[in-house]
Structures are given as structure tokens and as C-alpha cells.
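Going line by line, the protein sequences match chains A and B. Each residue of the first sequence is one higher than the one before, counting from 470 in the numbering used here. Each residue of the second sequence is one higher than the one before, counting from 1026 in the numbering used here.
No lab work stands behind these hints: they were computed from the structure. The structure displayed is predicted, hence computed values, not measured ones. Cβ coordinates follow ideal geometry from the N, Cα and C atoms, glycine included. Please note: incorrect hints may appear among the correct ones.
Stated by the list, open to error - Here chain A is said to cover these stretches of chain B; the calculated rule only asks that three of the stretch's residues, wherever they fall, bring their Cβ under 8 angstroms from a Cβ of chain A:
#1 1079-1088
#2 1122-1129
#3 1134-1148
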Amino acid sequence: MNELSRRKFLKGGLAGGAMVSLLGKSSKSEAAPSFGGYPDSMGVLVDLTRCVGCRSCEAACNKEQGLPAPDLPFDDMSVLEEKRRTSEGAYTVVNKYEIPGKDHPLYRKMQCNHCNEPACLTSCFVNAYRKTPEGAVMYDPTVCVGCRTCMIACPFYVPAYSYSSVLNPVIKKCIFCYETRLKFGRPPACVEACPKEVLTFGKRTNLLKIAHDRIRNYPDKYVDQVYGEKEVGGTAWMYLSSAPFEEVGFDTHLGNDPIINYVKEFLTVVPMVLTIWPALFAGFHLLATRKDVQNKENSAGK
Amino acid sequence: MQMDHIPKLTMRIILAMVLAFGTAQISSAMDGPDAVELNALAELYGPVNFDHTMHTDIAGDCAVCHHHTTGTPPQDPRCAKCHAKSGPADEVACQSCHAAKRFEAEYLNKLAADNTIYHVDRLGLKAAYHQRCMGCHEESGAPNGCQDCHTRNDAGDKVFHAGQYAPPPSAHKAKEGH
Ligand code: SF4
Ligand code: SF4
Ligand code: SF4
């Protein structure tokens, strides 16, 4: 009930003005505030300095989510030689980064970041996504029409398309173990499996304090940034690193505005979706080009 | 009732004697366990028999693993600020401070309810072991792979899709062809 559907999200947020005027009600003037997330929502702080790349988290996720058998055993470290992406069969993957001037590689676990203001959610025009008060971004396959807008909109390239079920197209991604754990107040399977507590589970607000304390206590160990504190309006999964984030595969050009800010122009007219396909596609195109430009910038920077 | 307190008392006396008579006898005088069976990961791995005596000899100083709780001054100057003279703690076993269920609601609520707890970012038991063990094992070149210490059991093989549950080699080849 109190889950944040896209509709409420739009009403209370950026598109508030447009909605309210449509409904002919007076509005408390809201200056397009950032939603900023539910106050008690949970998150995970991922401390890259602790990760040993053992892939226990991947194995645990596979089991918890009932995912298909992997191509190689989870104790086969040869997969770390390639940069992998999350997929319909793997909601989380760990990648290895050699850092110039350091004896040790860093490992980075990837999964859905469960954004405070998720681009997948705001870009979906059939409301297939919701953000739960606990912090999970959930997806409803019964509503999804398989248009893949969310895949384009997600700044972290997370939603994966399930090609294995052509007749029933579904998007697959990490769901923060919501159905089996998070909604019962339990930590995700990957968090529980990690031998080194790379993954600290807790209230997002507490995790931020913990993250900044770690940086303050060990200034030589960490770069002074908590990735996900502000990026794209804040994410539930946040990261600490000993190397600059762009050296461990993070996009550091996303900015701090939620992606919705970039697409609100066309989102306000989404209810009339059938008449505005051109506008929608212009919007998708904008998103896609934005990411391409960033990618070019990123690779140019290397 | 009184009986329960004797071992702690004995330990304190021994510690006091050690402190009074010099450090050379620490390792032999400590009445810590000779060995500890660690089986927190029993679901996926066999137990680890931790040779406490051997590790005490190698570490030389209890504080390497036990921080300030055995009464030796902590090594980290950040800890020493408060704990330089805090003396031996009542409990020195890892699990008395490092929660086995670190992220379950019960523990998180306990942390949230008590604003006098300073160490809110305290490792759970499993991570306390691994951070400590693996740090030293790496520095000293001791075995450091998962299965160097943990023998995976059948359930573990299943979760890791390894051993008799390993995917057939063709699965990987087929994918490569894409
Ligand atoms: S990371 Fe991508 S898929 Fe996950 S919530 Fe954010 S926008 Fe959605
Ligand atoms: S939170 Fe759950 S679904 Fe997401 S990566 Fe971890 S184990 Fe997988
Ligand atoms: S289980 Fe923990 S240490 Fe192992 S790869 Fe995953 S995050 Fe890293």
C-alpha cells in the first residue's frame, strides 16, 4: 500500500505540478524536490578494499534466486579475467581490476544499486517497477510489455532481458532478496555469504555514517568519496574504494541528479502514451546518447 | 555460583603475574584454549581446527588478535586512546563481541536502540576471523585460499556448482561460440 508506485512518485515529485493542474487541485508549491529515498530504507555498503574475489556472493545469489546453473563452477577464478556484466542468469557478478602502482587487484561486486529515484521505474510507462519502503526496487513481470526502456534508462546497465523466454519477455535483475529476506528484515543472501563483510547491511542513513567514519579513520586507505551517496539522486547500495572509482569500472560522470530530471519532459505526458510515441522515442534516444557520450568520455579519459 | 567465576579470576591472577614478572612467559602462562573448533560455516564447509597455541606462539602478542581484551595494550594507536589501560575484559572469545548474526534484525535493532555503543561498525564473527586470518596469512605467505582452510562439503559443492555438481565442460564451450 505504502509502496512508491510510479504514479505517486510522479505526483509527489517532479511531475507534481503537471498532475495537479490536470486534476484541478491546488498544490502546495513543491519546487521539484528530489525524493531522496524512504527515511528508514535499507542499503548495503560495499567496501572494495575488503573483497578477495572469492565469488561466494555470486554462488549464494544463484541459489537464493533459483538461477540457472552457471557455465563454470563458482570457484573457477578464470572468469575474473574478463569484465562481466549482470545478466538474466547472474544478478550479481564480481569483476577484477588491476590498479596501476598497487600490488593487489581490487574486486568490484555489481548488482542493481536500488536507486532512491530509479530510472528504470520512472522510465517504465506501464508501472512495472516499484520502490519498496525497505529500499528494494522490484519488477512485476505480469505488467511488463517487454519494451526494454528500463534497460536503456538504467545508468548502471543492470536490467537484463530474458532471451530464454521469448514468448513471455521478462526483465531480470537483483531484487535485494526482497521476497525471501528483505521484507522480513533479513539480510540478502550475498551479504550473509561474504566471508569478509565486504557487504555491510543496514539502514542507508547509518551506512552513510559508517562509510564516512571509515574514511575519516583510515584516510590513507580510502578515497574520500562514497559512491552512491549522491550519484543519480542516491542509491541503496553504496561503495568505498581505495582507488579512484573510475579505475574500478564506475561511471563517475553520472552527476547527482536523478535520471528522472533528464526525462521528465516526456514523462509528464506518459499517460497519453499512445499519442506520443515519437516523444517517447526521442526521450529514449536522448538517454541512450547520453550514456554513449559518457562512455566515450570515460574511455577517452583512460 | 561462585564456581563460574573461578576461571576468570584465575586468568586475571595469571595476567597480573605475567605483567609483574615480565613478558617472556606470556605464551606459556596464558590459559587460553589449545585449540578451537570453528564451525560457523558448517552448512557448506567442514569445521576448521584452529591451533590456538601455535598461533599464540607466532603472534607473540595477544593484542594482535584480541585487541585490548586480554589486558595487553592495543597495538593500534586509535584503540589505545581509550583502551590503553582498560585491563582484561571479562570475555575474550571472538564471539563474545563479534556477533555471529551480524545483520539480522535482532542485532541491528540492538545497535539502534543503544546510543552508548561506540563500536557500531563492528565486524560480525565470520568477517572478524577472515579479516584477521587472511590479513596475516597473506603477509606471512601462509595458505590463503578458501579451501586451504575449509573443506567444502557436499552441500557446499552444490551451491558452488563444483565437484560432482560442476557444469559439463560443453556448457562453457557452447556459450563461447556465441
Ligand atoms: S540500478 Fe538500474 S535497475 Fe537498479 S534501481 Fe537503479 S535504475 Fe533501476
Ligand atoms: S541482494 Fe539478493 S538478488 Fe541481489 S545480488 Fe544479493 S543475493 Fe542476489
Ligand atoms: S563474497 Fe565477499 S569477498 Fe567474496 S567476492 Fe563476494 S564480495 Fe568479494
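Output the indices of the hints that this structure fails to meet, ascending.
1
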